[in-house]
Amino acid sequence: MAIQILIPTPLRVYAGKQDVVEAEGATVGELLAHMTEQYTDLRKHLYGEDGKLRSFVNIYVNDDDIRYLEKEQTPVKSGDTISIVPSVAGGRSR
Amino acid sequence: MTAAPPTALSNQEVARYSRHLIMPEVGMDGQLKLKAASVLCIGAGGLGSPVAMYLTAAGVGRIGLVDFDVVDYSNLQRQVIHGTPDVGRSKLDSARDTLAAINPEVRIDTHEIALTSANAFDVLGDYDIVVDGTDNFPTRYLVNDACVLLGKPNVYGSIFRFEGQASVFATKDGPCYRCLYPEPPPPGLVPSCAEGGVLGILPGVVGTIQATEAVKLILGVGEPLINRFMIYDALRMKFRELKLRRDPECPVCGDAPTVTELIDYEQFCGVAPAPAATTSAQDVDADDDVTVEQLKAGLDAQDDLFVLDVREEQEYQICRIPGSTLIPLGDLPTRLHELEGRDDMVVHCKSGVRSAKAVKLLREAGFKKAKNLRGGILRWIDVIDPSLPKY
Numbered sequence: 001m002a003i004q005i006l007i008p009t010p011l012r013v014y015a016g017k018q019d020v021v022e023a024e025g026a027t028v029g030e031l032l033a034h035m036t037e038q039y040t041d042l043r044k045h046l047y048g049e050d051g052k053l054r055s056f057v058n059i060y061v062n063d064d065d066i067r068y069l070e071k072e073q074t075p076v077k078s079g080d081t082i083s084i085v086p087s088v089a090g091g092r093s094r
Numbered sequence: 001m002t003a004a005p006p007t008a009l010s011n012q013e014v015a016r017y018s019r020h021l022i023m024p025e026v027g028m029d030g031q032l033k034l035k036a037a038s039v040l041c042i043g044a045g046g047l048g049s050p051v052a053m054y055l056t057a058a059g060v061g062r063i064g065l066v067d068f069d070v071v072d073y074s075n076l077q078r079q080v081i082h083g084t085p086d087v088g089r090s091k092l093d094s095a096r097d098t099l100a101a102i103n104p105e106v107r108i109d110t111h112e113i114a115l116t117s118a119n120a121f122d123v124l125g126d127y128d129i130v131v132d133g134t135d136n137f138p139t140r141y142l143v144n145d146a147c148v149l150l151g152k153p154n155v156y157g158s159i160f161r162f163e164g165q166a167s168v169f170a171t172k173d174g175p176c177y178r179c180l181y182p183e184p185p186p187p188g189l190v191p192s193c194a195e196g197g198v199l200g201i202l203p204g205v206v207g208t209i210q211a212t213e214a215v216k217l218i219l220g221v222g223e224p225l226i227n228r229f230m231i232y233d234a235l236r237m238k239f240r241e242l243k244l245r246r247d248p249e250c251p252v253c254g255d256a257p258t259v260t261e262l263i264d265y266e267q268f269c270g271v272a273p274a275p276a277a278t279t280s281a282q283d284v285d286a287d288d289d290v291t292v293e294q295l296k297a298g299l300d301a302q303d304d305l306f307v308l309d310v311r312e313e314q315e316y317q318i319c320r321i322p323g324s325t326l327i328p329l330g331d332l333p334t335r336l337h338e339l340e341g342r343d344d345m346v347v348h349c350k351s352g353v354r355s356a357k358a359v360k361l362l363r364e365a366g367f368k369k370a371k372n373l374r375g376g377i378l379r380w381i382d383v384i385d386p387s388l389p390k391y
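Same order as they appear, the protein sequences are chains Z and L.
Numbering-wise (our numbering), the first sequence opens with residue 1 and increments by one.
Numbering-wise (our numbering), the second sequence opens with residue 1 and increments by one.
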């Protein structure tokens with residue numbers, strides 16, 4: 001069951017320059033694992049060295065933050081949209 | 001401000017604000033609320049331009065601007081508060097002139113400073129609402145924390161390439177930026193607009209959302225963008241709305257806050273006081289650097305010195321070092337085979353940050369003699385070939 005994951009602009013370069021990728025899985029964690037198997041460069045941008053999702057990257061199932069659902073165990077079903085939303089500074093870096 | 005609230009509009013003001021006055025959602029009471037209000041814009045750049053211009057036009061009584069930059073040609077594509085004759089002027093002087101021309105009834109207060117933990121309370125404390133148009137994480141967290149601690153609403157906006165974000169933070173019972181992102185990304189992991197670019201119109205859309213929210217907060221009308229996170233994709237022309245919640249464990253606005261005063265935000269964001277260009281390069285020894293003078297001498301002396309450009313195709317089209325080979329940093333891991341047999345190579349990008357990452361990657365892949373061009377092509381243009389355009 002392929003589910004769409006929306007890739008934010010800063011991370012598209014690590015996802016074959018696509019804004020949407022498809023992955024399979026029954027939970028958010030499985031989906032992200034399947035996605036990062038296809039796009040290995042995404043992994044270090046989503047997960048820290050401790051294997052946890054980075055604190056400046058939020059994952060949404062439809063319009064809900066998985067931190068307030070069941071985190072990476074949050075179940076997903078066909079038709080759901082997964083969004084990766086990283087923090088963005090805007091402007092230039094100093 | 002302790003000045004008595006205005007109780008009436010002049011005939012001239014009535015004429016100016018007539019399209020507001022005839023709307024029930026604003027009316028005379030609402031226009032007087034706007035006149036009594038004060039809004040601080042952090043940054044007089046891409047987001048600050050439309051925010052300050054529209055709030056001035058709308059008749060907000062006092063607008064504050066914080067910036068310490070000078071107008072540059074590269075600003076004009078999006079910072080519409082400044083014009084071509086303003087290049088080289090202080091952004092605050094330029095912005096003040098534009099705003100005064102739009103509406104001389106509005107008081108403009110300028111703060112030509114870098115906002116710090118030492119001055120933030122003094123500056124922010126004097127305003128009703130803060131609009132965050134900052135361009136870097138340390139200031140963003142500083143503004144967030146200061147707003148929470150002062151109890152000032154923080155109208156947030158952020159932009160990158162074709163994508164923008166907006167929300168309203170630090171209202172009573174609402175979330176703050178730290179509820180959304182407890183910690184900033186480490187330097188170098190997230191590209192900046194200077195690296196990634198930004199559609200010039202994008203801050204126009206996001207900034208007008210911020211201005212709209214500021215006006216709604218002042219008037220107390222409608223549904224503010226609280227507990228909601230707006231994401232705008234200009235390429236697809238889509239707005240998406242995500243749910244936000246106040247995090248009871250938030251270190252600043254949670255039930256048991258651990259941050260009760262302003263901290264060192266440069267340190268919190270992992271930004272050393274040194275320029276950003278050197279912080280990301282710290283993994284690579286300075287011995288691995290070559291100067292533009294050394295590269296020029298090397299190119300003059302040997303024909304086969306390999307120069308690898310790790311910028312993007314679009315940047316390569318703007319300017320390039322003669323004879324260089326382009327492989328964008330993002331493509332490098334899968335295109336290493338193209339470098340087989342190349343031992344001696346100088347790697348460059350725009351200013352040296354991406355090429356430092358490339359050199360690290362190349363050395364790990366066995367290209368032990370890869371060297372980083374210090375200062376990138378910008379330095380090359382400054383010192384070796386000023387005929388090339390800078391971007």
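Just so you know, the hints here were simulated from the structure itself, not pulled from any lab data.
Do not take every clue at face value.
Claimed, not checked - Per the computed footprint, the stretches of chain Z lying under chain L, defined by three or more beta-carbons under 8 Å from a beta-carbon of chain L, are: (1) 22 to 33; (2) 47 to 58.
Said to hold, decoys possible - Simulated pairs of lysine-lysine, BS3-like, Cα-Cα distance not exceeding 25 Å: (3) K77/Z - K243/L; (4) K216/L - K152/L; (5) K172/L - K17/Z; (6) K52/Z - K368/L; (7) K44/Z - K368/L; (8) K369/L - K357/L; (9) K44/Z - K216/L; (10) K17/Z - K360/L; (11) K238/L - K17/Z; (12) K243/L - K71/Z; (13) K52/Z - K243/L.
What the hints assert, rightly or not - To give an idea of the interface, some chain L residues facing chain Z are shown, with a C-beta separation under 7 Å as derived from the structure: (14) S158; (15) A297; (16) G298.
All C-beta atoms, glycine included, are put in the ideal place defined by N, C-alpha and C.
Of all the hints numbered above, which does this structure not satisfy? Sort the numbers upward.
1, 5, 6, 9, 15 and 16
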